[in-house]
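**Q** These protein sequence lines map, in sequence, to chains A and B.
The end of the first sequence is residue 106 by the working numbering, with every number in the run present.
The end of the second sequence is residue 106 by the working numbering, with every number in the run present.
These are calculated hints, taken from the structure and not from any lab test.
Be a bit skeptical, because a hint or two may be false.
[What the hints assert, rightly or not] Calculated lysine-lysine pairs in the BS3-like style (CA-CA distance at most 25 Å, straight line):
#1 K74(A) to K84(A)
#2 K84(A) to K56(A)
#3 K74(B) to K44(A)
#4 K44(B) to K56(B)
#5 K74(A) to K74(B)
#6 K44(A) to K84(A)
#7 K44(A) to K56(A)
#8 K74(B) to K84(B)
#9 K56(B) to K84(B)
#10 K84(A) to K74(B)
#11 K44(B) to K74(B)
#12 K84(A) to K84(B)
#13 K44(B) to K74(A)
#14 K84(B) to K56(A)
Protein chains: 2
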Amino acid sequence: MRRDVFQAIADPTRRAILVLIASQAMTPNALADHFDMTRQAVSKHLRILTECELVKPDPSGREIYYHLDATRMKLIDQWLSQFKSMWENRFSELDNLLSTMKSTEK
Amino acid sequence: MRRDVFQAIADPTRRAILVLIASQAMTPNALADHFDMTRQAVSKHLRILTECELVKPDPSGREIYYHLDATRMKLIDQWLSQFKSMWENRFSELDNLLSTMKSTEK
DNA sequence: TATATTTGCAACCAATCGGTTTCATAAAAG
DNA sequence: CTTTTATGAAACCGATTGGTTGCAAATATA
Numbered sequence: 001m002r003r004d005v006f007q008a009i010a011d012p013t014r015r016a017i018l019v020l021i022a023s024q025a026m027t028p029n030a031l032a033d034h035f036d037m038t039r040q041a042v043s044k045h046l047r048i049l050t051e052c053e054l055v056k057p058d059p060s061g062r063e064i065y066y067h068l069d070a071t072r073m074k075l076i077d078q079w080l081s082q083f084k085s086m087w088e089n090r091f092s093e094l095d096n097l098l099s100t101m102k103s104t105e106k
Numbered sequence: 001m002r003r004d005v006f007q008a009i010a011d012p013t014r015r016a017i018l019v020l021i022a023s024q025a026m027t028p029n030a031l032a033d034h035f036d037m038t039r040q041a042v043s044k045h046l047r048i049l050t051e052c053e054l055v056k057p058d059p060s061g062r063e064i065y066y067h068l069d070a071t072r073m074k075l076i077d078q079w080l081s082q083f084k085s086m087w088e089n090r091f092s093e094l095d096n097l098l099s100t101m102k103s104t105e106k
C-alpha cells in the first residue's frame with residue numbers, strides 16, 4: 001500500500017474532495033452527491049486521504065464529518081520549492097528559448 | 001492515457017529524475033545508472049515526463065539530453081496555493097487541536 | 001422494539017501502471 | 001563497411017488502481 005501525499009493528490013476525484021471539504025467538513029454521503037460514482041467509491045478515496053493524513057474524520061452520532069488537514073501539503077510544497085526559482089525568475093522563458101534554439105541547431 | 005502533472009509526480013522514480021536533471025541535462029543512459037532498473041524503464045518514465053512537458057529532449061548526435069522545464073510545475077503550485085493559508089497561519093495548529101478535542105467529546 | 005439511515009469493509013473486476021525482454025534504427029567508431 | 005553504442009517502441013506480465021455490488025454494524029427514528 002503506497003500511501004504518500006503525492007500519490008494521494010494524483011487522483012482528480014481526491015483533489016476535488018480536498019477542495020470541497022476545504023471550506024467546510026462534509027459526510028461521505030454529502031460528498032458522494034457531487035460525484036458520478038457510488039458512496040462506497042467516495043469512501044475508499046476518503047480512506048486513502050485519511051491514511052496519509054490529509055483528512056481527519058470527525059464522528060457525530062452515526063454521521064462522520066471529514067475535514068481537511070492541510071499540514072501534510074507542506075511536503076508537496078517543500079518538494080516543489082526546490083524548483084521554484086526555475087519558473088519564478090524572469091529569465092526562465094529566455095532560458096527555454098535559448099535551449100530550444102540550441103537543440104534545433106544542425 | 002492520463003498525462004497530467006499530478007499523476008506524473010506521483011511516482012518516486014519520476015520525482016528523482018526531475019531532481020537529477022534539475023542541475024544539469026542528462027541522457028537516458030546516464031540517468032539509468034542512478035536507478036535499480038533497466039534503461040528502458042527509465043525511458044518510459046522520460047516519455048511520460050516529456051508528454052506532460054515537465055521535461056524536454058535535447059538531441060545531440062545519437063545522444064538525447066533531457067532537461068527540466070519547470071513551467072508546468074506552476075500548475076501544482078497554483079492548486080496548492082488555495083490551501084496555503086491553512087498551514088501557514090499560526091493558528092492552524094490550534095485549529096487542529098480544537099477540532100480534535102471536539103471530535104473526541106462524548 | 002422494529003425500521004430506516006449512515007457508514008465501513010470485503011470480494012470482485014476491468015483497466016492502468018511499472019517493470020521486463022526483445023527488436024529495429026540511427027549515429028559514432030573501428 | 002562492419003561493429004559498437006544510444007535510443008525508442010512493442011509485446012508481455014504481475015501488481016495496483018478505481019470502480020462496482022453485497023453485507024454487517026451502529027445510530028436515529030417511528
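**Q** The structure should be examined with respect to each hint, and the outcome stated for every one.
**A** Hints, verified against the model:
no., hint, result
1, K74(A) to K84(A), "holds (14 Å)"
2, K84(A) to K56(A), "violated (30 Å)"
3, K74(B) to K44(A), "violated (29 Å)"
4, K44(B) to K56(B), "holds (14 Å)"
5, K74(A) to K74(B), "holds (16 Å)"
6, K44(A) to K84(A), "violated (33 Å)"
7, K44(A) to K56(A), "holds (14 Å)"
8, K74(B) to K84(B), "holds (14 Å)"
9, K56(B) to K84(B), "violated (30 Å)"
10, K84(A) to K74(B), "holds (8 Å)"
11, K44(B) to K74(B), "holds (24 Å)"
12, K84(A) to K84(B), "holds (15 Å)"
13, K44(B) to K74(A), "violated (29 Å)"
14, K84(B) to K56(A), "holds (18 Å)"
Hint compliance for this structure: hints 2, 3, 6, 9, 13 are broken, all remaining hints hold.
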